Amino acid sequence: MNRNQRRAKRISLFNHKGGVSKTTTAFNLGWMLAEKGKRVVLVDCDPQCNLTGMVLGFKGQSELESLYKSSKTKNLRDGLAPAFESRPVPIKAVECEPVKGQPNMFLLPGHIGLAEYEVTLGIAQQLSETIVTLRNLPGSLSYLIDITAKKYVADYVLIDMSPSLGAINQNLLMTSDFFLVPMAPDYFSVMAINSLATVLLKWHSWSTEAQKLPVLRSAEYPFPQITPKFLGTIIQKYRLQKRQIPSQAFQRWIDEIEKTVTGSLIPILNQTHMLLEDNIYTKAMSSPDKPILQMSDFNSLIALSQEHQVPVFGLSDKQLGKRGSVLTITRNSMLEFRQLFSACADKILEMTKDESSD
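Going from the sequence shown to the working numbering is simple: count from 1 and add 81.
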């Protein structure tokens with residue numbers, strides 16, 4: 082099957098705890114996949130539109146408004162409007178924004194008004210008798226993402242989700258092929274894992290029932306028959322000791338996260354068939370109970386990355402604006418980040434590749 086015929090693989094980045102660098106991870110991981118020759122569409126599904134601002138270099142609401150006033154369908158909310166506002170026109174692919182400096186990557190911009198559709202989608206997803214009048218909504222997000230990815234001949238779609246447990250996130254995650262869980266090494270991330278295990282059990286049950294409903298299967302935008310698979314956790318935002326290992330305080334929480342993933346999350350993922358086969362993780366030199374990517378805090382580079390719309394590992398010496406030993410240290414950090422993201426991307430490519438490509 083050639084690239085034009087193949088459906089893009091959809092990977093969601095989700096954690097209902099905020100402040101875990103989902104957006105930064107999505108951008109840098111997407112860029113690395115693109116560097117490796119894959120065509121990538123980034124989808125900004127967070128109404129805060131941080132990914133949109135990062136990719137396009139927007140610094141304020143006025144710049145977003147200029148994007149929204151375009152006569153073309155150039156953002157997620159407008160793309161969904163035909164279904165959610167009962168317009169007599171079909172959903173069409175969104176006109177994505179090219180990513181400066183990376184010809185293999187495109188952005189499907191977010192919209193601050195996406196949250197307005199949350200309640201309506203929630204009602205549609207209650208699977209009650211009222212579903213008939215709203216039957217096109219549960220499958221509309223998946224349909225829009227698919228046709229947009231097809232328009233750009235994408236291999237991968239990376240979805241940056243908001244930190245919430247609302248209907249939109251429920252829909253996005255359960256209609257994805259795979260998902261990653263970014264987190265920070267702290268008490269709240271450990272708590273979030275236990276909460277996530279409970280949530281995923283409920284969402285899987287809902288999705289299973291939705292897939293059985295004839296009214297959704299025969300909708301204009303059918304609800305997809307998908308069970309998302311867990312690729313792993315991403316742990317970051319910790320500080321290193323001089324020996325280049327996490328400080329004792331951070332290591333404690335990293336260990337606790339792994340313990341909680343093993344004891345709380347993995348059993349639920351196994352029960353709901355949201356794990357890959359063991360041999361797939363092994364072949365990718367990965368394990369669901371260990372982070373697929375673990376890296377220290379790179380906040381000092383984030384501002385520069387956002388200013389120049391390049392990944393943290395792609396900044397030039399001129400963009401860094403440093404000299405001497407400080408420049409050398411920063412270059413070494415960037416090299417380490419490049420190696421970490423490259424290794425993570427390689428694991429993802431191995432775990433998500435088509436069986437026919439073996």
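Derived by calculation from the structure, the hints in this document are not laboratory data.
Check the hints yourself; a few may be wrong.
With a straight-line Cα cutoff of 30 Å, these simulated DSS-like cross-link-like pairs (lysine-lysine) come out [said to hold, decoys possible]:
#	residue 1	residue 2
1	K340	K231
2	K231	K117
3	K403	K150
4	K434	K310
5	K364	K399
6	K310	K364
7	K153	K98
8	K293	K340
9	K150	K231
10	K340	K399
11	K119	K283
12	K150	K232
13	K98	K399
14	K232	K371
15	K90	K364
16	K231	K434
17	K232	K310
18	K310	K90
19	K293	K119
20	K310	K371
21	K403	K98
22	K283	K150
23	K371	K293
24	K399	K232
25	K403	K310
26	K119	K364
27	K399	K434
28	K310	K399
29	K181	K117
30	K434	K403
31	K293	K434
32	K364	K293
33	K434	K371
34	K119	K371
35	K283	K153
36	K181	K371
DEER-style ranges, computed between Cβ atoms [stated by the list, open to error]:
#	residue 1	residue 2	range
37	G344	G194	52 to 58 Å
38	T289	D370	33 to 39 Å
39	K283	I361	24 to 30 Å
40	K232	I383	37 to 43 Å
Bear in mind that the values here come from a model prediction, so they are computed numbers and not experimental data.
Glycine is no exception: its CB is placed at the ideal position from the N, C-alpha and C atoms.
Verification of the hints:
1. Only pairs whose Cα atoms come within 30 Å are accepted, and K340 paired with K231 is rejected, the gap being roughly 40 Å.
2. Using a Cα cut-off of 30 Å, the hinted pair K231 and K117 holds, with the two alpha carbons roughly 19 Å apart.
3. For a cut-off of 30 Å, the pair hint linking K403 to K150 is broken: about 40 Å separates their Cα positions.
4. At roughly 13 Å between alpha-carbon atoms, K434 and K310 fall within 30 Å of each other, so this suggested pair holds.
5. Using a Cα cut-off of 30 Å, the hinted pair K364 and K399 is violated, with the two alpha carbons roughly 40 Å apart.
6. Between K310 and K364 the alpha-carbon distance is near 16 Å, which keeps this suggested pair within the 30 Å criterion.
7. As the CA atoms of K153 and K98 are separated by approximately 34 Å, the hinted pair breaks the 30 Å bound.
8. For the hint linking K293 to K340, the alpha-carbon distance of about 35 Å lies beyond 30 Å, and the restraint is violated.
9. Annotation: proposed proximity of K150 to K231 holds, straight-line Cα distance about 25 Å (limit 30 Å).
10. For the given pair, K340 sits about 43 Å from K399 by alpha-carbon distance, which is inconsistent with the 30 Å threshold.
11. For the hint linking K119 to K283, the alpha-carbon distance of about 34 Å lies beyond 30 Å, and the restraint is violated.
12. For the suggested pair K150 and K232, the alpha carbons sit about 22 Å apart, so the restraint of at most 30 Å is met.
13. In summary, the hint linking K98 to K399 is not supported, as the alpha carbons are separated by about 36 Å, beyond the 30 Å threshold.
14. Annotation: proposed proximity of K232 to K371 is violated, straight-line Cα distance about 36 Å (limit 30 Å).
15. About 19 Å separates the Cα atoms of K90 and K364, which keeps this hinted pair within 30 Å; it holds.
16. With a C-alpha separation of about 18 Å, the suggested pairing of K231 with K434 holds against the 30 Å cut-off.
17. Taking the CA atoms of K232 and K310, the gap is about 25 Å. The hint holds against a cut of 30 Å.
18. Between K310 and K90 the CA atoms are separated by roughly 11 Å; this keeps the pair inside 30 Å, and the hint holds.
19. Distance restraint check for K293 and K119: the Cα-Cα separation of roughly 34 Å exceeds the 30 Å cut-off, and the hinted pair is therefore not satisfied.
20. Distance restraint check for K310 and K371: the Cα-Cα separation of roughly 15 Å lies within the 30 Å cut-off, and the hinted pair is therefore satisfied.
21. With a C-alpha separation of about 34 Å, the suggested pair K403 and K98 falls outside the 30 Å cut-off, and the hint is violated.
22. Distance hint between K283 and K150 is unfulfilled; the C-alpha atoms sit about 38 Å from each other, more than 30 Å.
23. The straight-line distance between the Cα atoms of K371 and K293 is roughly 34 Å, outside the 30 Å bound, and the hint therefore fails.
24. Straight-line distance between C-alpha atoms of K399 and K232 comes to about 36 Å, which puts the hinted pair past the 30 Å bound.
25. The straight-line distance between the Cα atoms of K403 and K310 is roughly 42 Å, outside the 30 Å bound, and the hint therefore fails.
26. Distance check on the hinted pair: K119 and K364 sit about 20 Å apart at the alpha-carbon level, within 30 Å; holds.
27. Note on K399 and K434: the hinted pairing is violated, with a Cα-Cα distance of about 38 Å set against a maximum of 30 Å.
28. This hinted pair does not check out: K310 and K399 have alpha carbons roughly 41 Å apart, beyond 30 Å.
29. Among the hinted pairs, K181 with K117 is consistent with the structure: their alpha-carbon atoms are about 17 Å apart, no more than 30 Å.
30. As the CA atoms of K434 and K403 are separated by approximately 40 Å, the hinted pair breaks the 30 Å bound.
31. A C-alpha spacing of about 28 Å is found between K293 and K434, which places the hinted pair at or below 30 Å, so the restraint holds.
32. Restraint check: the Cα-Cα separation between K364 and K293 comes to about 33 Å, which exceeds 30 Å; the hinted pair is violated.
33. At roughly 20 Å between alpha-carbon atoms, K434 and K371 fall within 30 Å of each other, so this suggested pair holds.
34. Distance check on the hinted pair: K119 and K371 sit about 25 Å apart at the alpha-carbon level, within 30 Å; holds.
35. Annotation: proposed proximity of K283 to K153 is violated, straight-line Cα distance about 38 Å (limit 30 Å).
36. For the proposed pair K181 and K371, the alpha carbon gap of about 34 Å is over 30 Å, so the pair is violated.
37. The hinted range of 52 to 58 Å is not satisfied by G344 and G194, whose Cβ atoms lie roughly 40 Å apart.
38. The hinted window of 33 to 39 Å between T289 and D370 is violated, with their beta carbons roughly 25 Å apart.
39. About 26 Å separates the C-beta atoms of K283 and I361, a value consistent with the hinted range of 24 to 30 Å.
40. Under the hint 37 to 43 Å, the C-beta atoms of K232 and I383, about 31 Å apart, miss the expected range.
In this structure, the earlier hints numbered 1, 3, 5, 7, 8, 10, 11, 13, 14, 19, 21, 22, 23, 24, 25, 27, 28, 30, 32, 35, 36, 37, 38, 40 are contradicted, and the remaining ones agree with it.
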